[in-house]
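Novice: For the protein sequence lines, the chains are A and B, in the order given.
Residues 7 to 333 in the numbering used here are what the first sequence spells out, letter by letter.
Residues -15 to 276 in the numbering used here are what the second sequence spells out, letter by letter.
I should point out that these hints are in silico values taken from the structure, not numbers from a laboratory.
It is possible that part of the hints are untrue.
Selected chain B positions facing chain A (Cβ under 10 Å, derived; list incomplete) [said to hold, decoys possible]: (1) Ala47; (2) Cys49; (3) Ala51; (4) Glu163; (5) Asp164; (6) Tyr165; (7) Ala168; (8) Arg178; (9) Ser233; (10) Arg264.
Now the in silico label distances, taken between C-beta atoms and shown as ranges [stated by the list, open to error]: (11) B:Met113 to A:Gln201: 37 to 47 Å; (12) A:Arg134 to B:Ser105: 14 to 24 Å; (13) B:Arg178 to A:Gln73: 27 to 37 Å; (14) B:Arg178 to A:Asp155: 18 to 28 Å; (15) B:Trp(-3) to A:Thr49: 37 to 47 Å; (16) A:Asp308 to B:Ser105: 39 to 49 Å; (17) A:Arg128 to B:Ser105: 51 to 61 Å; (18) B:Arg178 to A:Gln201: 41 to 51 Å; (19) B:Met113 to A:Thr189: 23 to 33 Å; (20) B:Met113 to A:Thr49: 28 to 38 Å; (21) B:Met113 to A:Lys311: 34 to 44 Å; (22) B:Ser105 to A:Gly317: 49 to 59 Å; (23) A:Asp155 to B:Leu87: 50 to 60 Å; (24) B:Asp268 to A:Arg142: 50 to 60 Å.
Only pairs whose alpha carbons sit at most 30 Å apart, straight line, appear in this in silico DSSO-like list of lysine-lysine [claimed, not checked]: (25) A:Lys93 to A:Lys133; (26) B:Lys175 to A:Lys207; (27) A:Lys129 to B:Lys232.
Don't be surprised by glycine CBs; every beta carbon is placed ideally from N, CA and C.
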Amino acid sequence: MEDLLRIENLHISYRTMEGTVYAVNGVNLSVEKGETLGLVGETGAGKTTTALSILNLLPKPAASVDQGRILFQNRDLLAASKREIRKIRGDRIAMIFQDPMTSLNTSFRIGNQVAEVLRIHRKELGKREIEERTARLLETVGIGRERWDDYPHQLSGGMKQRVMIAMALACSPELLLADEPTTALDVTIQAQVLQLMRHLKEEFGMAMMLITHDLGVVAENCERVAVLYAGEVLETGTAEEIFDGPVRHPYTEGLLGAIPSPDHKISRLSPVAGQTPDPSKLLPGCVFAPRCPHCSKRCLEDKPKERQRGGHRIKCHLFADKAEWRE
Amino acid sequence: MKRGRPFRKRGRWQAVWRRFCRNRLAVAGLVLLLFLIGAAVFAPAIADYERVIHQDSANRLIAPCAAYPFGTDAYGRDLFARVIWGSRYSLSLGIGSVLAAMLAGAVIGSAAGFYGGRTDSMIMRLIDMIMAIPGTLLAITIAAALGTGVGNLMIAMSISQIPTFARVVRSVVWTIASEDYVEAAKTYGSKTARLITRQIWPNALGPLIVQASLSMAQAVLTISSLSFIGLGIPAPSPEWGTILAENKSYMRMYGYLCTIPGFAILLSVIALNLIGDGLRDALDPKLSGPVR
């Protein structure tokens, strides 16, 4: 299948008062048409930075893309002009933020906020048509059209996230970037919102990049998963390969070990020991080596190359000698 | 399109209005201001302009009575008609110059607050330079350079007030620009201008309105001051400060000649200040105490 979005060798750094912070270091990702890619990682792994860079929304001038390409339908977004990228934002690629409480403008009626997206990208539509479409969108996400005139403070958190989803879907984008869309919601609402997103993704036939640190959410919603750690993709594969397959990256293994499971009776969860490396210093070897239970001398000195078997890619020296894992 | 309303919902401005109405002093200020605006608008109906300029040496310096409610001045002109017509100058110039300064200040301040960095530094240092000169003095200087007259006074007043607005707007815009909903608006493709006018300004309006009403009070005073020293509206026109200046030599014997126009200035300044205070409380619910 053709890649809708392909990120190649992306390097992003932030210049701060304390020095340069290397947030993303050589990320390779791809999202196919209509699929959901889960982007998993701890806080500070570079998930949001990667997502923002797709829309050219990194905070300037602190952040800079040092290397790499982001191809959306074979068009390099990093090279696109401001005008071009503005046309893509909201129309072809939409984004949903983590906190629906603060992502809606408090002094706008929710209908107007949804309609705003249409007013920007569907200028040819008349006022009536825009209002009608907005009302339909609100209904699609499970908010009655009678709530058109409500202000955000009159809605619950889950409903606000639904409004955000309606805004993201307004122009039927090909790709939806969902940056921890359910982190700020409580668990029952989380399930509802995710179900809605899954349902709508199918209905609208769009692809989705679901950014989260919740592996449960990934397992339920994603076809493929990329595990991000310290600005590098350590493992990519289908959800089955990552969750149920025989082999994984030691880091992924560690993450899975830290989740409680109803099937196994264990008295203690095993967290991944240690902390994420200081992003202002680039490690010469594997980024996970200092926390890895299988760490060897080679891991500390030598950066492992990505090896793959089928679509499953792993960046780890443990797989270097195995014949079926090719570079 | 008809949208059903299951129950009555208050918009943001309705809530502000409700809180404003709870403040009696503010409502008194508003009534007072509406009264003054009414006087200005219906001045031709209240007193013929002929009475403003008509000199009558037979009726000089008459104390307030039924025929002349505010008395007459040294030229026998009807002070009541002059004060009523004078409200036109004070209020229109006060409100007009503030609105002009507000618009200019909003544009300048938004640019500084939104872009930040070097743009911000350059604009704000320029504003600081202007602010180093006292507002009234700046207005005097500009008025002196441009000459007297309504148009020039308006320009002088506006320019001297731009820095205040630019500063207020800049700080508010600066805060709002980092809100998530502004970031979200960028993700769906808003242009910078649309971002500022549609996402940021509606939220910045509160502090701006408060500043405007307080600035109007100041502007009314400054206009009268400038006219009093002869840099504002020139002599025969019935501007309140001008009337004060004309009559100041009669003040000891005929006190009403100065106290009445002075009182008019006082009333409009008080009205605007009360409204400003009321709006500040109404727009910031956190300040206004428990909801009754």
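Novice: A separate judgement is required for each hint: does it hold in the structure or not?
Specialist: Verification of the supplied hints:
1. Ala47: violated, 55 Å
2. Cys49: Given a least distance of 54 Å, the restraint on cysteine 49 of chain B is violated.
3. Ala51: Because about 54 Å separates alanine 51 of chain B from the closest Cβ in chain A, which is outside the 10 Å limit, the hint is violated.
4. Glu163: Since the shortest Cβ distance to chain A is 7 Å, the answer is holds.
5. Asp164: With a closest approach of 4 Å, the aspartate 164 of chain B hint holds.
6. Tyr165: Holds - the Cβ of tyrosine 165 of chain B comes within 10 Å of chain A, reaching about 4 Å at its closest.
7. Ala168: holds, 5 Å
8. Arg178: Since the shortest Cβ distance to chain A is 7 Å, the answer is holds.
9. Ser233: Cβ of serine 233 of chain B sits 54 Å from chain A, so the hint is violated.
10. Arg264: Given a least distance of 18 Å, the restraint on arginine 264 of chain B is violated.
11. B:Met113 to A:Gln201: 37 to 47 Å: violated, 59 Å
12. A:Arg134 to B:Ser105: 14 to 24 Å: Violated, at about 47 Å.
13. B:Arg178 to A:Gln73: 27 to 37 Å: holds, 33 Å
14. B:Arg178 to A:Asp155: 18 to 28 Å: Holds, since arginine 178 of chain B and aspartate 155 of chain A (Cβ atoms, about 22 Å apart) stay within the stated range.
15. B:Trp(-3) to A:Thr49: 37 to 47 Å: Holds: the Cβ-Cβ distance is about 40 Å, inside 37 to 47 Å.
16. A:Asp308 to B:Ser105: 39 to 49 Å: Roughly 47 Å apart at Cβ, these two residues keep to the hinted range, so it holds.
17. A:Arg128 to B:Ser105: 51 to 61 Å: Violated, since arginine 128 of chain A and serine 105 of chain B (Cβ atoms, about 39 Å apart) do not stay within the stated range.
18. B:Arg178 to A:Gln201: 41 to 51 Å: Distance hint for arginine 178 of chain B, glutamine 201 of chain A is violated at roughly 34 Å.
19. B:Met113 to A:Thr189: 23 to 33 Å: violated, 47 Å
20. B:Met113 to A:Thr49: 28 to 38 Å: violated, 45 Å
21. B:Met113 to A:Lys311: 34 to 44 Å: Between methionine 113 of chain B and lysine 311 of chain A, where Cβ atoms are some 60 Å apart, the hint is violated.
22. B:Ser105 to A:Gly317: 49 to 59 Å: Since serine 105 of chain B and glycine 317 of chain A have Cβ atoms about 51 Å apart, the given range 49 to 59 Å holds.
23. A:Asp155 to B:Leu87: 50 to 60 Å: violated, 29 Å
24. B:Asp268 to A:Arg142: 50 to 60 Å: violated, 37 Å
25. A:Lys93 to A:Lys133: holds, 20 Å
26. B:Lys175 to A:Lys207: Between lysine 175 of chain B and lysine 207 of chain A the Cα gap is close to 27 Å, so the pair holds against 30 Å.
27. A:Lys129 to B:Lys232: Roughly 63 Å separates the two Cα atoms, so the pair is violated.
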